[in-house]
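Colleague: Dock chain B with the ligands against the given chain A, drawing on the hints supplied.
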Amino acid sequence: MTAAIEVIGLTKTYGDLRAVDGVDLTVGEGEFVGILGPNGAGKTTLLEMVEGLREPTAGSASVLGLPAWPRNAALLPRIGVQLQASSFFERLTAREQIHTFASLYGVAASRADEWLERVGLVEKADSRVEQLSGGQAQRLSIACALVHDPEVVFLDEPTAALDPQARRNLWDLLSGINDSGRTVVLTTHYMDEAEALADRVAIMDHGKLLVFDTPAALIHGLDAPTRITLTDGEVLTTREPAVEIARLAEQSRLDGVRVQTGTLEDVFLDLTGREYRA
Amino acid sequence: MSTPRTSRATPFWALSRAILRGFVRDRTAVFFAVVFPLMFLVLFGGLFSDQSVGKVDMIVVGDVSLIDDLPADADASFGATFDVTHSDDLDDAIAQVRKGDADVAVEQQGQTLVAHYTQTDPAKAGITAGALQALVDGTNLAVTGQPPTYSLDVESVEDESLDTIQYYTPGLLGWAVAMSAAFGAAATIQGWRQTKLLRRLQLAPVSTRTVVGARVSVTVSVALVQMAIFIGVGALFFGLTLTGAWWMAIPLLVVGTLCFMSIGLLAGAITKTQEGAVNAANFMVLPMAFLSGSFFPLEGAPQWLQTFSQVLPLKHLNDGMLDVMVRGEPWTAALLPMLFLAVFATVVTLIAARLFRWETT
Ligand SMILES: Nc1ncnc2c1ncn2[C@@H]1O[C@H](COP(=O)(O)OP(=O)(O)O)[C@@H](O)[C@H]1O
Ligand SMILES: [Mg+2]
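Chain order of the listed sequences is A and B.
When we follow the UniProt record's numbering, the leftmost residue of the first sequence carries the number 1, and every step to the right adds one.
When we follow the UniProt record's numbering, the leftmost residue of the second sequence carries the number 1, and every step to the right adds one.
Isolated chain A (complex conformation) (with noise of 0.2 Å):
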């Protein structure tokens, strides 16, 4: 596996803060990677250096092999960004949107079309950006940020902001967008969204990468106990949960239990000795 992007000890300081603390990271060509962490957490920070935008106090990034920093207009063409605010023109309708950044890449009208089709816009492609929901906002800003159908796309917490229901549909969408082998890395707060989209999952905490492994390898090797929930609301907590199913079993008492493992929740735990905040 080729690496789209590699990361080696890239740190960003503001004063005494240290936003991005000596993250290494290697994401292959194709992958799906989630970076999780709260607010504050240095998601933005992160990507904002591996994209080339902002200047890295240490460390280096690159991109599909070029060095990300200074702006390298090689490269440029063959990533797409969707940055956490929804970067419109002001007043343009969807359609306008999406045409004037197809125009930026070269890419022809027609291929912007079938993006905002793609996306489930078509209805809403002569209203105005200003008239859009955060989701359909969301949707437009994603389908610009591949209008040109770049290799490697960054999303910045796509989905903060927008509520269960809304979070649920991009999802489809999201899971869609590597089937063309193309690289995505996304960050987000929720622990739900990274274990549903992302092949492999990045926990990021103070600046500093924590963990980066499959969300079943994070909650694996995580040391922690299964717990069974039965009916009559008794909780067992076991570390040979299939001995006691099968003792459960037995005794007919099956129906209707609840098997937890961990979560990353527990992992974020276990890192850091604290509960979970988004």
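Be aware that a few hints might be false.
[Said to hold, decoys possible] Computed footprint of chain B on chain A; a stretch qualifies when at least three of its residues, placed anywhere within it, have a C-beta under 8 Å from a C-beta of chain B: (1) 50-64; (2) 81-95; (3) 103-117.
The hints are simulated quantities; they were obtained by calculation from the structure and are not laboratory data.
A quick note: this is a predicted structure, and the numbers were derived from the prediction, not measured.
Ideal Cβ placement from N, Cα and C applies to all residues, glycine included.
Modeller: Chain B with the ligands alone, transformed into the frame defined by chain A:
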């Protein structure tokens, strides 16, 4: 909606079109760029420009030696102000004045010149009274053996320097362009910074030059449209007449636009919100408009104020435009103002660039 040929616009055109659409759809911006200054033009033009409306219709009743015996040069000057017809019927003449068919009826009773006129049209009444008074005064002087002053100075009744509309069109246009250029730049820099659009554009394969170029060319185009509208309205409705080198106002206005965009940039760089930026731009441009003679001539202002106005870019823009558009100065009269504006723009842009921060916090 778009033809296949334009379906792949260049980045420059795509950006320009996006920015222009954003402007045209911003009612407030359009109002302050075009409608608001135009209201002033109509107001000032309509209020004060009656003096230049047509000649005064005069009926001379019987023999009025004072008028009939005017020397040739004074007669020509007199003829520029009055349309003279003769009549022998005083009652009929006064009736015509009452009906508004004529503006004044004049008769001579011995040594006294009697003028019958109405106050319906104060401007014409003023001209009539002034011109006739001058005529009588002049004659008196001549009769008393003083050096003959038969040179009837009808012009003195009107604004000696410039007609209202001639003065206000360039001045208000200067103010309008200053406002829209400064507001546009200030709002853009703040808005784009806040939505991170500026960052987003940095990540697109377009150069900073293209982005800035698109923004500037939209503002310059808007300024030229403002100019066309002002000149059009002034000429069509208020009798504005341009003088020879008026076309020099175009490059002058372009440099002026750049200058006020730089002021808007500065306003955007030193503020944290879009509203703050527009307010800061307003704070710089509005007082400047007063002190640069956009709303009233500075001739009557104290000397220190006139001196101070010389450091204001709008003063130079206004003066330059007055010179080439209505004062009949040669095209070279615009060069010095252009130089001043260009230097001002450069300095302010450099300051703004130094003060600019990507982050608003
Ligand atoms: N331009 C900046 N100047 C000073 N501090 C900053 C700046 N940008 C971010 N920070 C700080 O760096 C830390 C990480 O921020 P950020 O990368 O935005 O976190 P996240 O995206 O994970 O919420 C925060 O404490 C934030 O306040
Ligand atoms: Mg962030």
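Colleague: Work down the list of hints and note, for each, if the structure agrees.
Modeller: Each hint tested on the structure:
1. 50-64: With 3 residues in contact (Cβ-Cβ under 8 Å with chain B), the coverage given for the segment 50-64 of chain A holds.
2. 81-95: holds (count 11)
3. 103-117: holds (count 8)
The structure agrees with every numbered hint stated previously.
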